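Number of protein chains: 2
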Amino acid sequence: MSSEYDSKMTPNLKKPRKTPILPNEIKCVLLQGYGSVRQMKAISIPRPIPSDGEVLIRVKSCGVNFLDLSIRQGLFSDLPKLPFVPGFECSGEIVQLGPNTPGFQIGERVICLPRFYAWSEYLVINCNQIYKIPDSMSYREAAALSYSYLTAYILLFEIGSIKIGQTVLFHSAGGGVGIALSQLSKLVPNIRTIATCSKSKFEILKNQVDFLLEENSDYVSEAKKICPEGVDLVLDCLSGDNTNKGISITKPLGKYIIYGTSKNLDGESKNYFALAKNWWHVDKISPIKLYEENRSLSGFNLHNFLFNQMFSSRRYIQDIFSKLFNLYRDGHIRPVIDSIHSFDDISLALARLQERKNIGKVIIEPYIDEENLTKDGQENINSSDTDGPDEPDCQDD
Amino acid sequence: MSSEYDSKMTPNLKKPRKTPILPNEIKCVLLQGYGSVRQMKAISIPRPIPSDGEVLIRVKSCGVNFLDLSIRQGLFSDLPKLPFVPGFECSGEIVQLGPNTPGFQIGERVICLPRFYAWSEYLVINCNQIYKIPDSMSYREAAALSYSYLTAYILLFEIGSIKIGQTVLFHSAGGGVGIALSQLSKLVPNIRTIATCSKSKFEILKNQVDFLLEENSDYVSEAKKICPEGVDLVLDCLSGDNTNKGISITKPLGKYIIYGTSKNLDGESKNYFALAKNWWHVDKISPIKLYEENRSLSGFNLHNFLFNQMFSSRRYIQDIFSKLFNLYRDGHIRPVIDSIHSFDDISLALARLQERKNIGKVIIEPYIDEENLTKDGQENINSSDTDGPDEPDCQDD
Numbered sequence: 001m002s003s004e005y006d007s008k009m010t011p012n013l014k015k016p017r018k019t020p021i022l023p024n025e026i027k028c029v030l031l032q033g034y035g036s037v038r039q040m041k042a043i044s045i046p047r048p049i050p051s052d053g054e055v056l057i058r059v060k061s062c063g064v065n066f067l068d069l070s071i072r073q074g075l076f077s078d079l080p081k082l083p084f085v086p087g088f089e090c091s092g093e094i095v096q097l098g099p100n101t102p103g104f105q106i107g108e109r110v111i112c113l114p115r116f117y118a119w120s121e122y123l124v125i126n127c128n129q130i131y132k133i134p135d136s137m138s139y140r141e142a143a144a145l146s147y148s149y150l151t152a153y154i155l156l157f158e159i160g161s162i163k164i165g166q167t168v169l170f171h172s173a174g175g176g177v178g179i180a181l182s183q184l185s186k187l188v189p190n191i192r193t194i195a196t197c198s199k200s201k202f203e204i205l206k207n208q209v210d211f212l213l214e215e216n217s218d219y220v221s222e223a224k225k226i227c228p229e230g231v232d233l234v235l236d237c238l239s240g241d242n243t244n245k246g247i248s249i250t251k252p253l254g255k256y257i258i259y260g261t262s263k264n265l266d267g268e269s270k271n272y273f274a275l276a277k278n279w280w281h282v283d284k285i286s287p288i289k290l291y292e293e294n295r296s297l298s299g300f301n302l303h304n305f306l307f308n309q310m311f312s313s314r315r316y317i318q319d320i321f322s323k324l325f326n327l328y329r330d331g332h333i334r335p336v337i338d339s340i341h342s343f344d345d346i347s348l349a350l351a352r353l354q355e356r357k358n359i360g361k362v363i364i365e366p367y368i369d370e371e372n373l374t375k376d377g378q379e380n381i382n383s384s385d386t387d388g389p390d391e392p393d394c395q396d397d
Numbered sequence: 001m002s003s004e005y006d007s008k009m010t011p012n013l014k015k016p017r018k019t020p021i022l023p024n025e026i027k028c029v030l031l032q033g034y035g036s037v038r039q040m041k042a043i044s045i046p047r048p049i050p051s052d053g054e055v056l057i058r059v060k061s062c063g064v065n066f067l068d069l070s071i072r073q074g075l076f077s078d079l080p081k082l083p084f085v086p087g088f089e090c091s092g093e094i095v096q097l098g099p100n101t102p103g104f105q106i107g108e109r110v111i112c113l114p115r116f117y118a119w120s121e122y123l124v125i126n127c128n129q130i131y132k133i134p135d136s137m138s139y140r141e142a143a144a145l146s147y148s149y150l151t152a153y154i155l156l157f158e159i160g161s162i163k164i165g166q167t168v169l170f171h172s173a174g175g176g177v178g179i180a181l182s183q184l185s186k187l188v189p190n191i192r193t194i195a196t197c198s199k200s201k202f203e204i205l206k207n208q209v210d211f212l213l214e215e216n217s218d219y220v221s222e223a224k225k226i227c228p229e230g231v232d233l234v235l236d237c238l239s240g241d242n243t244n245k246g247i248s249i250t251k252p253l254g255k256y257i258i259y260g261t262s263k264n265l266d267g268e269s270k271n272y273f274a275l276a277k278n279w280w281h282v283d284k285i286s287p288i289k290l291y292e293e294n295r296s297l298s299g300f301n302l303h304n305f306l307f308n309q310m311f312s313s314r315r316y317i318q319d320i321f322s323k324l325f326n327l328y329r330d331g332h333i334r335p336v337i338d339s340i341h342s343f344d345d346i347s348l349a350l351a352r353l354q355e356r357k358n359i360g361k362v363i364i365e366p367y368i369d370e371e372n373l374t375k376d377g378q379e380n381i382n383s384s385d386t387d388g389p390d391e392p393d394c395q396d397d
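Protein chains in written order, with UniProt numbering: chain A, 1 to 397; chain B, 1 to 397.
Keep in mind that the hints are not guaranteed to be accurate.
Identical chains share a label here; the pair holds if one copy fits it or two copies do between them.
Here are the simulated lysine to aspartate or glutamate pairs, EDC-like style, with alpha carbons at most 16 Å apart [said to hold, decoys possible]:
| id | residue 1 | residue 2 |
| --- | --- | --- |
| 1 | K251 | E203 |
| 2 | K357 | E108 |
| 3 | K251 | E158 |
| 4 | K225 | D319 |
| 5 | K163 | D319 |
| 6 | K186 | D52 |
| 7 | K199 | D78 |
| 8 | K224 | D330 |
| 9 | K245 | E215 |
| 10 | K132 | E25 |
| 11 | K81 | E293 |
| 12 | K245 | D319 |
| 13 | K206 | E93 |
| 14 | K245 | E93 |
| 15 | K41 | D283 |
| 16 | K357 | E214 |
| 17 | K81 | E108 |
Just so you know, these hints were derived from the structure itself, not from any lab. Values in this document were obtained by computation on a predicted structure and should not be read as measured data.
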């Protein structure tokens, strides 16, 4: 299958756009059942048509998140009916306008944050869920920035309210959010960062984070050695049985924010028993204990915020994107792309996250445009070929 | 008993100070046993002498806090051995310097935040626990400001991080902290305040708070009518069984902060059973629920912060006092004094808080200086005479 509409994903290029010729069949990643990696496949489906308030996007790059692993395993409330197209974030170009889409034009470059359905060559999306990106930002950077930097920004500045001279501890320093946290926290003077990651990433990440601790080590004891008075802000994407342990290293008036539950996703296939066991280990917290100890416990779940608490989020998200785009333009932040895979290689892309091998964002694209490889972050891209993956050992449900 | 050192509590008056003649016997409020109001009495004791790093303060005005009710009932961890002098805050003048007290001089006007022992005519205190006050601030205002405005400032700006256009809900609008919260929150543009108090206070407080709700009403339902999208910040000094109910009115990314447990202090005498029952009703909170719902739960306990987590608090508190003193000088905040009682009338002072009759701060002084009455907030002072109180009905333990 080939694209009839061969756009170049070059940033800094403004030219008048005509309505492109659109294919009848499009490529997407479809989740056919829960559990095994075999259930997620690139297939062809008919091109969708935008309705009232919607636009059609030609998708260029999609982000892969840890949350997508829980989608594949069915460990997510409020999933669409199977089969469906997963994916929460992508970047692309508006190629068709539905009725009542004022303020948008064909050819505009945008980030899309749909409820699901992002991993598709063409995507119909409500105008409320798209955000125009700067000319200087590549599609790949846009896809790498959206969920990770939004999450990191809200954690540090909105909920965490970090201040000059404070200390922040986070996990998965090499992940998309981890990279964003290390870049954004450095915008505040004299911030100290402590982060965990696998030992194999220490060399690459040593300039990003002030103190690197080995994941699965007793990071609480290690952090106490570095910071005996306690940490101002702990950002926890692991959850599981780490929460109570982690809270003990916050200093008075310190904050602990849970923003993920990746500890519950270590199995390959759907495992409700393991999930329940991990959930159970998340001890409940006594409000009186927080009162006695001057501590804060918060939760942040971007997907729930966007789609179950939507009433006020559009403007809020737009404001944060504006700030992020300014920081990008001024060179203060720069999304790191770990690897780019074609839709055909979705299992490789997911495995990279599940095995915690990535440094930066894992990106998938309908087809990998070789020309782009020479433009977009060629230094840190491991692209997988499009001839089909060597699927890792897996187990059907 | 009369004071040999008759200073006038006039603000704006700087004159060279000599070491005053100090009395051998001083007046204080002593807690002799837990439970009944009869256990707290004004008596005479020998004047203490400052040691290394300490100064002697001639106390002019003391604040009475809700926490003092729990002290009287013995419902407080880490109490001194009986009998002892209670009281966490007072204002006064330095009258004697111990060895090694650089940076302090006789005659300096200060706020004192001792661990206990504030309710005394003369007080020995470590220099780390005193803060110089502006010339324009009366001793009574200083005593009324210290705990209440520190608490309110930290709740709103440090933990709560309130922003333009947000909505804040708090209880006990007429209390010392309530008044401070209403004044400080108005420093942020377009803040909406919702607060509870007894109906009898509505007329007096109607200009302080945007929406007044009756205490003991279903304030959650009432607040939802005013603010269907939810409240950004809820400040809870009641705790008890209100916490879970209260959390439900926070909006996404909203914060709920517990800073008191006054619901546990409704009885006159020590009642561990009632306490345990109320404590029990404070349901524990699931971190996963906070994660799913994008909510924050925090606790703030100023006394614990100052005395059990002291390592970093001195400078922190000094910074906040500096900000508060600037706000005071510029006329943005003005402590409200409910009533002034002599040490002899301590039971009346405590009853005023326990019965929630106060609007603003309840102050006690060794002796009420009549001259001061004409200087300090004469419009809102109900002073009790010094001939001894009509003690309310009470029950010995």
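Structure-based check of each hint:
1. K251 with E203: Neither. Shortest intra-copy (29 Å) and inter-copy (42 Å) distances fail the 16 Å Cα cut-off.
2. K357 with E108: neither (34 Å within a copy, 63 Å between copies)
3. K251 with E158: between (19 Å within a copy, 14 Å between copies)
4. K225 with D319: Cα proximity of K225 and D319: none, with 38 Å in one copy and 28 Å across.
5. K163 with D319: For K163 and D319, only the inter-copy Cα distance (14 Å) is at most 16 Å; the intra-copy one is 20 Å.
6. K186 with D52: neither (43 Å within a copy, 43 Å between copies)
7. K199 with D78: neither (37 Å within a copy, 44 Å between copies)
8. K224 with D330: Classified as neither: same-chain Cα gap 36 Å, cross-chain 42 Å, threshold 16 Å.
9. K245 with E215: within (14 Å within a copy, 38 Å between copies)
10. K132 with E25: neither (26 Å within a copy, 76 Å between copies)
11. K81 with E293: Neither, since 45 Å and 23 Å both go past 16 Å.
12. K245 with D319: neither (35 Å within a copy, 31 Å between copies)
13. K206 with E93: neither (36 Å within a copy, 54 Å between copies)
14. K245 with E93: neither (45 Å within a copy, 46 Å between copies)
15. K41 with D283: neither (38 Å within a copy, 45 Å between copies)
16. K357 with E214: within (14 Å within a copy, 57 Å between copies)
17. K81 with E108: neither (31 Å within a copy, 74 Å between copies)
Checked against the numbered hints listed earlier, the structure breaks hints 1, 2, 4, 6, 7, 8, 10, 11, 12, 13, 14, 15, 17; every other hint is satisfied.
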